[in-house]
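Asker: The residues making up each chain are set out below.
2 protein chains.
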Amino acid sequence: MSEPVIVEVGLGERAYDILIGPGLLARAGTELSRRLPGTRAAVVTDQNVAAAHLETLKAGLEKGGIQPAIITLPAGEKTKSFAHLEEVVDGVLAAKLERGDVVIALGGGVIGDLTGFAAGIVRRGMNFVQIPTSLLAQVDSSVGGKTGINSPRGKNLVGVFHQPKLVLADTEVLDTLPIREFRAGYAELAKYGLIDRPDFFAWLEGNWTKVFVGGAERAEAIAEACRAKADVVARDEFETGDRALLNLGHTFGHALEGATQYDGARLVHGEGVAIGMALAHRFSARLNLASPDDAARVEAHLHAVGLPWRMSDIPGELPDAEALLGFITQDKKVSRGALTFILTRGIGQAFIAKDVPASEVLSFLKENHPGQPK
Amino acid sequence: MSEPVIVEVGLGERAYDILIGPGLLARAGTELSRRLPGTRAAVVTDQNVAAAHLETLKAGLEKGGIQPAIITLPAGEKTKSFAHLEEVVDGVLAAKLERGDVVIALGGGVIGDLTGFAAGIVRRGMNFVQIPTSLLAQVDSSVGGKTGINSPRGKNLVGVFHQPKLVLADTEVLDTLPIREFRAGYAELAKYGLIDRPDFFAWLEGNWTKVFVGGAERAEAIAEACRAKADVVARDEFETGDRALLNLGHTFGHALEGATQYDGARLVHGEGVAIGMALAHRFSARLNLASPDDAARVEAHLHAVGLPWRMSDIPGELPDAEALLGFITQDKKVSRGALTFILTRGIGQAFIAKDVPASEVLSFLKENHPGQPK
Ligand SMILES: NC(=O)c1ccc[n+]([C@@H]2O[C@H](COP(=O)([O-])OP(=O)(O)OC[C@H]3O[C@@H](n4cnc5c(N)ncnc54)[C@H](O)[C@@H]3O)[C@@H](O)[C@H]2O)c1
Ligand SMILES: NC(=O)c1ccc[n+]([C@@H]2O[C@H](COP(=O)([O-])OP(=O)(O)OC[C@H]3O[C@@H](n4cnc5c(N)ncnc54)[C@H](O)[C@@H]3O)[C@@H](O)[C@H]2O)c1
Ligand SMILES: [Zn+2]
Ligand SMILES: [Zn+2]
Numbered sequence: 001m002s003e004p005v006i007v008e009v010g011l012g013e014r015a016y017d018i019l020i021g022p023g024l025l026a027r028a029g030t031e032l033s034r035r036l037p038g039t040r041a042a043v044v045t046d047q048n049v050a051a052a053h054l055e056t057l058k059a060g061l062e063k064g065g066i067q068p069a070i071i072t073l074p075a076g077e078k079t080k081s082f083a084h085l086e087e088v089v090d091g092v093l094a095a096k097l098e099r100g101d102v103v104i105a106l107g108g109g110v111i112g113d114l115t116g117f118a119a120g121i122v123r124r125g126m127n128f129v130q131i132p133t134s135l136l137a138q139v140d141s142s143v144g145g146k147t148g149i150n151s152p153r154g155k156n157l158v159g160v161f162h163q164p165k166l167v168l169a170d171t172e173v174l175d176t177l178p179i180r181e182f183r184a185g186y187a188e189l190a191k192y193g194l195i196d197r198p199d200f201f202a203w204l205e206g207n208w209t210k211v212f213v214g215g216a217e218r219a220e221a222i223a224e225a226c227r228a229k230a231d232v233v234a235r236d237e238f239e240t241g242d243r244a245l246l247n248l249g250h251t252f253g254h255a256l257e258g259a260t261q262y263d264g265a266r267l268v269h270g271e272g273v274a275i276g277m278a279l280a281h282r283f284s285a286r287l288n289l290a291s292p293d294d295a296a297r298v299e300a301h302l303h304a305v306g307l308p309w310r311m312s313d314i315p316g317e318l319p320d321a322e323a324l325l326g327f328i329t330q331d332k333k334v335s336r337g338a339l340t341f342i343l344t345r346g347i348g349q350a351f352i353a354k355d356v357p358a359s360e361v362l363s364f365l366k367e368n369h370p371g372q373p374k
Numbered sequence: 001m002s003e004p005v006i007v008e009v010g011l012g013e014r015a016y017d018i019l020i021g022p023g024l025l026a027r028a029g030t031e032l033s034r035r036l037p038g039t040r041a042a043v044v045t046d047q048n049v050a051a052a053h054l055e056t057l058k059a060g061l062e063k064g065g066i067q068p069a070i071i072t073l074p075a076g077e078k079t080k081s082f083a084h085l086e087e088v089v090d091g092v093l094a095a096k097l098e099r100g101d102v103v104i105a106l107g108g109g110v111i112g113d114l115t116g117f118a119a120g121i122v123r124r125g126m127n128f129v130q131i132p133t134s135l136l137a138q139v140d141s142s143v144g145g146k147t148g149i150n151s152p153r154g155k156n157l158v159g160v161f162h163q164p165k166l167v168l169a170d171t172e173v174l175d176t177l178p179i180r181e182f183r184a185g186y187a188e189l190a191k192y193g194l195i196d197r198p199d200f201f202a203w204l205e206g207n208w209t210k211v212f213v214g215g216a217e218r219a220e221a222i223a224e225a226c227r228a229k230a231d232v233v234a235r236d237e238f239e240t241g242d243r244a245l246l247n248l249g250h251t252f253g254h255a256l257e258g259a260t261q262y263d264g265a266r267l268v269h270g271e272g273v274a275i276g277m278a279l280a281h282r283f284s285a286r287l288n289l290a291s292p293d294d295a296a297r298v299e300a301h302l303h304a305v306g307l308p309w310r311m312s313d314i315p316g317e318l319p320d321a322e323a324l325l326g327f328i329t330q331d332k333k334v335s336r337g338a339l340t341f342i343l344t345r346g347i348g349q350a351f352i353a354k355d356v357p358a359s360e361v362l363s364f365l366k367e368n369h370p371g372q373p374k
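Those protein sequence lines, which keep their order, are chains A and B. Residue numbers for the first sequence follow UniProt numbering, so the first one is 1 and each next one is one higher. Residue numbers for the second sequence follow UniProt numbering, so the first one is 1 and each next one is one higher.
Simulated from the structure, these hints should not be mistaken for lab results. Watch out, some of these pointers could steer you wrong.
Note: identical chains are not told apart, hence a pair may lie in one copy or across any two.
Stated by the list, open to error - Calculated pairs, BS3-like style, for lysine-lysine (alpha carbon to alpha carbon, straight line, at most 27 Å):
{"hint": "1", "residue 1": "Lys155", "residue 2": "Lys96"}
{"hint": "2", "residue 1": "Lys155", "residue 2": "Lys210"}
{"hint": "3", "residue 1": "Lys96", "residue 2": "Lys165"}
Can you build the whole structure from these sequences, using the hints too?
Answerer: Written out as structure tokens, the structure reads:
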């Protein structure tokens, strides 16, 4: 078996490794007991992931002498709620785990965010290990320590920063991921190229089919994404500055998710981000910050991999441009009335723009809205 | 008006001031807007405290240009629950406060613990200010950043470390506190003398009546307690070592609270701590670690101020010694089966004892149990 790629997240006392490669579920017990000898564990997962991968993980943990308590939740974004948080907290306490024991998230971003939050609050912080099983979770949500749940008043409004002790990104588990979810995760992967790694974006343009197929290119792409995210997180653990760059595509994306009532049948998060990234480049071109050629290049690549890239790619009707702006101004990244956007000067040259005039955003949304005259 | 005493909690980036003195509610707006200019705020309180002090605080905040949202909860330990946590979180979000705005706890330890937890998780951490109104909260719970709620599986099992930006301990608000609650808080105040400040304990033996009456001695005693707690917290913010000293009296105390089903009519927390401290000294004497004279001195002082100090002071029947031991071994301070106790070599000489044999504890409990032959 090939050795995993290791990416270190350099956070001083809270530093940890991300292991990336095939067969890591089967090695989980060995990796864990090496780092946290004698630990006991609980595994939190969802029904889809449990069906596909729980037995492999249990066998892997067994090799390290770990027989975990298992907490299985329904799949889907609705699971990121207070009710399920309480359920996980209670499950961990019922297993009589102590502060030095470990809570393991086996699943996509939903399970990772919820479980990390629970691990962050049981006994005021337990050891936490991420075993991300979606591409999105491997390249994004499992790295960096942001955890949380949704509130009826908005997504991800409640949570803590709680860094894992270890991330095991098993690249083989992605083979059971629905292709639409794989593509959605790919949007976040490509995002790192667009933020500040133009060579990575160019590499993806040439090699994306191999990433989809699996093998060494998939592991390498995931590792590069983790390196990119780890860099940003190490610079700004608590999102007081630079880390906001990771929101490229997310302001428009969140507005579209809100406008489609977070209905995954119409739009999943990564798809919203794909459209959002295309819009961010197009908007930057309209503001004469970037070349329209760059926007076209982004659009072409997203289209090639089968991702939606414009509002008209979303099935069903969208609310009008004014309503979309309303979703943007409610966004929590808005600071005291001024609109903050991640804009770009070209591929790999994203930056944080504060004070973007709402009127410009509105005109842009009107021009690009599928249901209104262009 | 006399100037408040200021105690600094030296936590580097997270350092903050505790202001102690009369009239601080009326000055809250000035103190807050000096430190967090332009902030908006929500005040979380309970019905008892709201009736006695909310109008004064609102007027005080108004002077700093702050018109807070108000969230009023029922009084009592049951309020430290997931349901009320969700209620506070929702209230803060409904007030559309941003990450830089402030959540204020006006109340005793219950309101402080719950509100601090909510402030720690809304938007992954908002500014937090403590305005403790019980003596226990002024000398203990409002300082140090431990926040949390109870679980059906045990007290304070869920929470975060979230330091306040400021603590305003208004010594006048204690005049409306029921005397029994004042006494309970006094037990925690005396605790600091017993841990490592023998001179403070001796001072309290001579001056406790003035602390009860109010005035400069009350403020000085509270300030000394805050200094003691701030010292420990600065050495060990996340309770990985020394901070456990603050649990003096709490292992026995929690067992007695559990054994009386947390029924405040029989035993409130500080009363449990009073009995627990007396027992910790008596147990240390029995183990030949300390002189029986010291145990007698502690018992005499607790008795003088009107606090319970032995198990027979608790109204109603207690479970037998074995059952009490069961409450102790379930305690979260138990690490992998070994019993950890805070014991003492004399007044002001407490220390952390790991591996205390359960058999010794059991014999001691049997000897001191009111319902069993001595
Ligand atoms: N914490 C962060 O920094 C961060 C960053 C980005 C996104 N997120 C969050 O992540 C969530 C989205 O994550 P997601 O896209 O992984 O969603 P998800 O967890 O809902 O997973 C998507 C779907 O794929 C299924 N699945 C996952 N792995 C599988 C596998 N190997 N085989 C078969 N099915 C599998 C899941 O059961 C689910 O139905 C959102 O809630 C978002 O807010 C968090
Ligand atoms: N976070 C920590 O480090 C820490 C430390 C010690 C205790 N605690 C917690 O603190 C809680 C106990 O605190 P508490 O004793 O303040 O309990 P509390 O908050 O329930 O207050 C006791 C009673 O006094 C009332 N009250 C408070 N201030 C008043 C005033 N000025 N006038 C009239 N009535 C007033 C309250 O309404 C309540 O009925 C427990 O939940 C305990 O776990 C936390
Ligand atoms: Zn995203
Ligand atoms: Zn206490």
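Asker: Each hint needs a verdict: does it hold in this structure or not?
Answerer: Here is how each hint holds up against the structure:
1. Lys155 x Lys96: Cα proximity of Lys155 and Lys96: across copies only (14 Å, versus 31 Å in one copy).
2. Lys155 x Lys210: neither (33 Å within a copy, 53 Å between copies)
3. Lys96 x Lys165: The answer is within: 20 Å in one copy meets 27 Å, while 34 Å across copies does not.
The earlier numbered hint that this structure contradicts is number 2, and it is the only one.
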